[in-house]
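Since the structure of chain A is already known, use the hints to place chain B on it.
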Amino acid sequence: MGRYVARRLLQAIPLLLIISVILFVLMQNIGDPLATMGGRRPTRSADRERLRRQLGLDKPVLVQYVYWLIGNDWTKVDMDGDGVAETPGVRKGVLRGDFGSSLKKREAATALIGERLPNTLILMGAYELVVILGAVAVGMYSAVRQYSLFDHVMTAVSFILYSMPIFFIALLSMYIFGVNFKRWGLPYFPTVGMFEPAAGKTVPQVAWHMVLPVASLALISLAGYSRFMRSSMLEVLSQDYVRTAKSKGLERRYVLFVHALKNAALPIVTIVGLDLPTLLGGAIVTERIFGWPGMGRLFFDSVSDVDTPVVMAIMMMVSVAVILFQVLTDIAYAWLDPRIRFD
Amino acid sequence: MATIRETAAAVPQFKVDELEGPPLTLRQLTWRRFRRHKMAMFGTVMLALLFVYSFGGALVFSEADANAVETAARLQPPSREHPFGTDTIGRDVLARTIYGGQISLIIGLTAMLVELVIGVLVGAAAGFYGGKLDAMLMRFTEAAFVIPQIFLLIVMSKFFGSSMPNISVLGRNFSGSVVVVILIIGVTSWMYLARIVRAEFISLKEREFVLAARATGTPARQIIFGHILPNSIAPIIVSATLAVAAAILAESYISFLGMGVQPPTATWGNMLEGAMNYIEEAWWFWFFPGVLIVLTVLSINFLGDGLRDALDPRSRAV
Numbered sequence: 000m001g002r003y004v005a006r007r008l009l010q011a012i013p014l015l016l017i018i019s020v021i022l023f024v025l026m027q028n029i030g031d032p033l034a035t036m037g038g039r040r041p042t043r044s045a046d047r048e049r050l051r052r053q054l055g056l057d058k059p060v061l062v063q064y065v066y067w068l069i070g071n072d073w074t075k076v077d078m079d080g081d082g083v084a085e086t087p088g089v090r091k092g093v094l095r096g097d098f099g100s101s102l103k104k105r106e107a108a109t110a111l112i113g114e115r116l117p118n119t120l121i122l123m124g125a126y127e128l129v130v131i132l133g134a135v136a137v138g139m140y141s142a143v144r145q146y147s148l149f150d151h152v153m154t155a156v157s158f159i160l161y162s163m164p165i166f167f168i169a170l171l172s173m174y175i176f177g178v179n180f181k182r183w184g185l186p187y188f189p190t191v192g193m194f195e196p197a198a199g200k201t202v203p204q205v206a207w208h209m210v211l212p213v214a215s216l217a218l219i220s221l222a223g224y225s226r227f228m229r230s231s232m233l234e235v236l237s238q239d240y241v242r243t244a245k246s247k248g249l250e251r252r253y254v255l256f257v258h259a260l261k262n263a264a265l266p267i268v269t270i271v272g273l274d275l276p277t278l279l280g281g282a283i284v285t286e287r288i289f290g291w292p293g294m295g296r297l298f299f300d301s302v303s304d305v306d307t308p309v310v311m312a313i314m315m316m317v318s319v320a321v322i323l324f325q326v327l328t329d330i331a332y333a334w335l336d337p338r339i340r341f342d
Numbered sequence: 000m001a002t003i004r005e006t007a008a009a010v011p012q013f014k015v016d017e018l019e020g021p022p023l024t025l026r027q028l029t030w031r032r033f034r035r036h037k038m039a040m041f042g043t044v045m046l047a048l049l050f051v052y053s054f055g056g057a058l059v060f061s062e063a064d065a066n067a068v069e070t071a072a073r074l075q076p077p078s079r080e081h082p083f084g085t086d087t088i089g090r091d092v093l094a095r096t097i098y099g100g101q102i103s104l105i106i107g108l109t110a111m112l113v114e115l116v117i118g119v120l121v122g123a124a125a126g127f128y129g130g131k132l133d134a135m136l137m138r139f140t141e142a143a144f145v146i147p148q149i150f151l152l153i154v155m156s157k158f159f160g161s162s163m164p165n166i167s168v169l170g171r172n173f174s175g176s177v178v179v180v181i182l183i184i185g186v187t188s189w190m191y192l193a194r195i196v197r198a199e200f201i202s203l204k205e206r207e208f209v210l211a212a213r214a215t216g217t218p219a220r221q222i223i224f225g226h227i228l229p230n231s232i233a234p235i236i237v238s239a240t241l242a243v244a245a246a247i248l249a250e251s252y253i254s255f256l257g258m259g260v261q262p263p264t265a266t267w268g269n270m271l272e273g274a275m276n277y278i279e280e281a282w283w284f285w286f287f288p289g290v291l292i293v294l295t296v297l298s299i300n301f302l303g304d305g306l307r308d309a310l311d312p313r314s315r316a317v
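Listed in order, the protein sequences are those of chains A and B.
Each residue of the first sequence is one higher than the one before, counting from 0 in numbering that gives the first Met the number 0.
Each residue of the second sequence is one higher than the one before, counting from 0 in numbering that gives the first Met the number 0.
If we strip away everything but chain A, and leave its shape as in the complex, we get (with noise of 0.2 Å):
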């Protein structure tokens, strides 16, 4: 198991220097970083021309590479425009966890995202939590009363919730809870931000904030999980050892969530872990929607203002957690099932 973890994460430097090569290689074009400079645009074309030199643009792409991976601090850089490089480079690189400050903000990226990311895992850890109880509850109960009316509708709803764009949720969930609860003069949803300005940032705000966003996001995966989670379960239940369960005597509930309920829920774990890459392209769209100041929308706000440093950033880090992710599911699942071997 030992081996098999360290041959993974060994596995995943050669797949992370593809990615960041990548990635580097396409932030190249996707536009001019000194046209978008916080609204500062430098309009003479020597100011234009000492900025491009300070922030190394006017380096070969190979070269920028190089310094965004293992900085510059070893070497000297020419800052005057001379010809000859003088300043000794202040940049530690990736590697030494500095991914650059923000063209926009003039802040360190990692600072920037810092800001940001307990947003976007305070959604995500509610939206775990939603989709997995919700998900086992529907599941299991569509499993024992497999082809009863409760099991046909949620067939029928799944399906079309599995092909449901989140925006399209999202709008119909604002629309109902949000703006016709208020006009029917019922207790409503807000469908902007994370907390009243006026209330402030409090506990109860922001969870009241949260309902829809959270919701949004986890009736999709909802749909797709619940489907899992009833053949898993219509699988284990038909097993010998239940059977044996049940003949022994032992009370009904006592063997499904005991003996069957374990088993069936090993499967979950799997896709929970898997989806990483889909949740987080969905934090995007639901962050932009809600008006959620995520890291979905740090990263839509720094690809339109052609924020290299924080999108390569974010970039890098979605790719890590992805793959630590995959890593963190094999272990999971071969600690939870004790027949799978890995060597």
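The set of hints was computed from the structure by calculation and includes no laboratory data.
Do not rely on the hints blindly, as some may be mistaken.
[What the hints assert, rightly or not] Straight-line alpha carbon distances no greater than 25 Å define the calculated PhoX-like cross-link-like pairs of lysine-lysine that follow:
no. : chain 1 : residue 1 : chain 2 : residue 2
1   : B       : K157      : A       : K58
2   : B       : K157      : A       : K104
3   : A       : K103      : B       : K37
[As the list claims (entries may be wrong)] Here are some, though not all, of the chain B residues that point toward chain A, as calculated from beta-carbon distances under 7 Å:
no. : residue
4   : P147
5   : I195
6   : M275
Backbone N, C-alpha and C define an ideal beta-carbon position, used for all residues, glycine too.
Chain B alone, transformed into the frame defined by chain A:
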């Protein structure tokens, strides 16, 4: 006694020709399995209707209707004159869903073709030749898999976005961004297909008929495209069908974010752009294109499900 009759009734009744006719060909068998899949038939009919809606509707409304701006009549609720209402600058939503549907469906189909070409080539090369090439291609595939598609789509649409001129086909003008969107969706979604094709090739290349082809000196290219590929067509067709749905969804996502197809060319996705700002005033201008996207994706998913059961009865979806 009634029970005997009931049991007899439960025995499947074969038509005479099914028992005594000549054996069915593979194609007939497939069609029979497909026809019995109710959801797949529903999906097929629905999809045909959606095609009629967006391409037949063009006979009723001209493209000029779809792009006609009338700011005095902005955000009008559905009425006799505008059955689906008007959008933020007074364009008729009904006419735009028709022309938007054409673009959305075309993008779905062509992006699938791009994906198919890349996926089949990469998968076939990796699976057939194996060794170093396989290792290299699969590392690359894995790398492309790691980054969530929508992140790549956003960056790539920015990468290619502004540089495309408008194009005109058959006397109609399209925003050049249509081509960009088709290409970037194709380029970011071939990985799954490549893995399927590779797996098929790895298992098929050891089979006797391939060995025989090799022994008679058939060139590699012909073994790949003439012998192995036709035998792995079933899973390819199924995932290509589902890929159309995924491409339509991907288009709607980036266009919704304002990074996809640019106006005035309408798509179901970009008609929804900025809809959250008008959620209180105008439900109609996001509701209709949204429903059309859901219906299309749903029907294609049903169709793909039916094709999976019909073409490849051994593999059943959960």
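Query raised in the report: If you check each hint against the structure, which ones fail?
Result: 3 and 5
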